[in-house]
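Sequence order for the protein chains is A and B. Quick note: the first sequence uses this note's numbering, first residue 61, plus one each step. Quick note: the second sequence uses this note's numbering, first residue 259, plus one each step.
Be aware that one or more of the hints could be misleading.
[To be verified] Simulated DEER-style distance windows between Cβ atoms:
1) B:A989 <-> A:V185: 46 to 56 Å
2) B:R405 <-> A:Q131: 52 to 62 Å
3) B:H300 <-> A:R191: 44 to 54 Å
4) A:R191 <-> B:K985: 36 to 46 Å
5) A:G225 <-> B:G689: 40 to 50 Å
[Said to hold, decoys possible] Derived DSSO-like pairs (lysine-lysine); straight-line CA-CA distance at most 30 Å:
6) B:K791 <-> B:K720
7) A:K178 <-> A:K149
8) B:K988 <-> B:K272
9) B:K346 <-> B:K464
10) A:K149 <-> B:K720
11) B:K272 <-> B:K882
12) A:K92 <-> B:K464
13) A:K149 <-> B:K882
14) B:K682 <-> B:K988
Source of the hints: derived by calculation from the structure; they are not laboratory data. All residues carry an ideal CB built from backbone N, CA and C; glycine is no exception.
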Amino acid sequence: MTPVELTVNGREVHLQLDPRTSLLDALREHLKLTGTKKGCDHGQCGACTVIVEGRRINSCLTLAVMHDGEQVTTIEGLGTPEALHPMQKAFVVHDGYQCGYCTPGQICSAVSVLEEIKAGVPSHVTENLDRVAFSEDEVRERMSGNICRCAAYSNIIAAISDVAGESKA
Amino acid sequence: MKFDTPAGPNPIDKGRVIGIAHDRIDGPAKVTGTAAYAYERHDAAPNAAYGWIVGSAIAKGRIAAMDLTAAEASPGVLGIVTHANAGKLSKGNMNTAHLLGGPQIEHYEQALALVVADTFENARAAAALVRIDYAPEDGKFDLAAERLNGVIPPQGFGGPADTKAGDFDGAFAKAAVKVEQTYTTPDQSHAMMEPHASIAAWNGDKLTLWTSNQMIAWSVGDMAKTLGIPKENIRFVSPYIGGGFGSKLFLRADALLAALGARQVGRPVKVAIARPQIPNNTTHRPATIQRIRIGADKDGVIDAIAHEVWSGDLPGGGAETAAQQTRLLYRGENRMTAHRLVTLNLPEGNAMRAPGEAVGLLALEVAMDELAEACGVDPVELRIRNDVQFDPEAGPQRPFSSRKLVECLRAGADRFGWQRRNPKPGQVRDGRWLVGMGMASAFRNNLTEKSGARIGVDGSGKVIVETDMTDIGTGSYTIIAQTAAEMLGVDLDQVTVRLGDSRFPVSAGSGGQWGANSSTAGVYAAAMALRAKLAEKAGYAAEQAQFEDGLVRMGNQSQTLASLAGAQGLWAEDSMEYGDLDKKYAQATFGAHFCEVGVDMDTAEVRVRRMGGAFASGRILNPKSARSQVIGAMTMGVGAALMEALDVDTRFGFFVNHDMAEYQVPVHADIPHQDVLFVDELDDKSSPMKAKGVGELGICGAGAAVANAIYNATGIRLRDYPLTIDKLLKAQAA
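Just chain A, with the same shape it has in the complex:
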């Protein structure tokens, strides 16, 4: 067993973990934060996306012990049913989900994507690397690691655009 200290959603937690424990399983099985989902456990689907030290990652692809001392934000840290984060609210309003299983990962990714664009981080579809700006194609590209088999894609883009203040409606 290896001691691991994390700050999860602003709360300091001390865990004794089998070093094989993924960050995802540390959250789901040890901290009982089951909002973060296991869709594939192989970094293929994006359902396990969380925000670590301000950047989104696939929590299934990384061991918890590699994050000793780090800050983790999960879907539970963004908002609650009574006090939704603007992105969570936009997903409800635009029906940006169906079964709900990829949703926490989509939302964690979406929040990070807007930050990445603001920070000027370019993507594969950025035309001018000196001027990274919001566009639906930028968002589609950056969100493509989060699979939604129910395929609420069109609605998710509407939700993210709404939060970004770029709504067409």
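Given the structure of chain A, go ahead and fit chain B onto it with the hints provided.
Frame of chain A, contents of chain B only:
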């Protein structure tokens, strides 16, 4: 209640809550991660041990020897379930292969053991130490090679294997214009986001299973049969389901093995089928070979139409009924359809979203595009000319209950700007992109299933609905709440809906796009019973009582629901069952898909640029979630057209690309904004809701619209799905 005569005016027609777009009532739980799915029920089973499935490494044969010594000695291992210690097991009625194999092995990745340990990591590590020696046998894995060995399959949901009317051969021989082509579709995987998962706990001889399942009553029955225990001793709980698409219609290995593991180790056990195991361990949509022949006059009016389908499955399995829509979609006095089933030793084939039509239309609607071109008739106009308002196999005595295909075609074409399409392929360029438009009809049968519910009012006037109906992303929670609110005259936020528990009345469940219409009709029946009780308590005549604003009114008198229910509350239970209206009337849902693609002139990369459609599915209960169902299904149709295929290793008999990296499904970057128009329709012969299914209609024809758009862009006609770059480049070079 029995629904055996067309619905007259009823309380649903008020349309105060039903038919209005509502946010999902389960939305806040889903977007905050507080909706707990099967594997996440720490509250219910805080001390659950972890199970890991060991699957077969051969497709057919026997276990020669199984050595568990190293696995049993591995840290944390609590027990190992195998055929040798599981006790006598039967097979569920809905399962084709046994969920726990051994010594006989029926397919690759069939579960042969469950290793149970104190932690997930220990279970997974120990499972790798299970040593199995196999005695393999030769199997059959190649549909095309086995095609001639096809037999007539057993009858399933799709009706008889073969149908005919008139004289197809004679009429086809004489036809002025003929299309005769063969199309193929590959095996496909549901690839729902939540893996199959269950937690099992025994209390004496009583089993509770927190699981992810679309059809609670079917699966409780099959668990009882498999274990040989009374179904009264089994409780299934499945309130949130992370996608299904047919993959969770039946009892699967996670559920059975969790139950067996928990029994063996004497504590709750949780099991998820690992993602790379899913395509070979569970079910898939079977591949098809489809031969279509259409004979028409020079104006494209069909006189003869034939659709023959070959598919494969394990012994005892069923056929992919891909000719279903061809029985009902277009006119033609001379017609035949046929399905042939070959035995294959691949994993079990079974239902995936719109079984039959989803792949049948990939063939038929391309054949119609070919006919349009051969006749020089616009593809939309061709379909309008071949519309038929009755079952063309049975004749005018079996009309459609309601059929608005033509309205969908016209409205969809207008909205999409179809008139701008250049009918000559390969003419439109946008930079390096060859641009084309395609369309296809959408068709899916409308099925209705018996469905029950109970509904109550508590002392505060709040309404509670309980039914074992499931919400697999379809929006059941919300439309059931809307139905209850409409029927009892309360606001939506006054209704609590509890689903997916086998202690509740048996519902239609989620399958075959029957769920929304059937389950709300069941709630309607229970609500009518409760209205009668409330009216009686109020001393009003039930037929004259009005339910609005939380009150029961008659004339200028009124009483509140709360006061009538009293502190004890007032409950009623009923179910809706169906007479023979689906025999007297053909019942189906219709639509029209339109798509614009760009095909890169050098690399043959295909991009969907625009997509839209118009659909008629009876009353649309919640336009917001119904639209989401349609765009989701359209996207799955894009996947079928462009990328989805389980690749068969015909030497060893398994699907090679068995995970989400290599079984490709559409992602954000593949899908543009999608436009959906619902054409006004009320179908009074479907149910008192006057609704029909919509969850599968959107996939039906969507892929063919993509294929036809590729043809219009490039002049390349591919008939072997998916239409990937390698095939396009090869055709381009030829």
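Exercise for review: Given the hint that K346 (chain B) pairs with K464 (chain B), test it: the Cα-Cα distance must not exceed 30 Å.
Suggested key: Satisfied, since the Cα-Cα distance of roughly 18 Å is no more than 30 Å.
Check your understanding: Between K149 (chain A) and K882 (chain B), does the CA-CA distance stay at or below 30 Å?
Key -> Judged against 30 Å, a Cα distance of about 15 Å means the pair holds.
Point to revise | Verdict for H300 (chain B), R191 (chain A) (Cβ pair) under range 44 to 54 Å | key: holds, 47 Å
Exercise for review: Take the C-alpha atoms of K272 (chain B) and K882 (chain B), compute the straight-line distance between them, and say whether it is at most 30 Å.
Suggested key: Holds - the C-alpha atoms of K882 (chain B) and K272 (chain B) are around 19 Å apart, at most 30 Å.
Practice item. Mind checking the hinted window 52 to 62 Å against the Cβ distance between R405 (chain B) and Q131 (chain A)? Key: With a Cβ separation near 59 Å, R405 (chain B) and Q131 (chain A) satisfy 52 to 62 Å, so the hint holds.
Check your understanding: Keeping to a limit of 30 Å between CA atoms, is the pair of K988 (chain B) and K272 (chain B) held or broken?
Key -> violated, 58 Å
Practice item. Could you grab the alpha-carbon distance between K791 (chain B) and K720 (chain B) and see if it respects the 30 Å cut-off? Key: holds, 16 Å
Check your understanding: Between K149 (chain A) and K720 (chain B), does the CA-CA distance stay at or below 30 Å?
Key -> holds, 25 Å
Point to revise | Proposed proximity, K988 (chain B) with K682 (chain B) (alpha carbon, max 30 Å) | key: Since the Cα atoms of K682 (chain B) and K988 (chain B) sit roughly 21 Å apart, the hinted pair holds (cutoff 30 Å).
Exercise for review: Could you tell me whether the CB distance from A989 (chain B) to V185 (chain A) stays inside 46 to 56 Å?
Suggested key: This hint is violated: roughly 28 Å between Cβ atoms.
Review point. That 36 to 46 Å hint for R191 (chain A) and K985 (chain B) (C-beta), does it hold up?
Key: holds, 39 Å
Exercise for review: For the pair we were handed, K92 (chain A) and K464 (chain B), check the Cα-Cα distance against 30 Å.
Suggested key: With Cα atoms ~27 Å apart, K92 (chain A) and K464 (chain B) stay inside 30 Å; holds.
Hints 1, 5, 8 from the earlier list are contradicted by this structure; the remaining hints agree with it.
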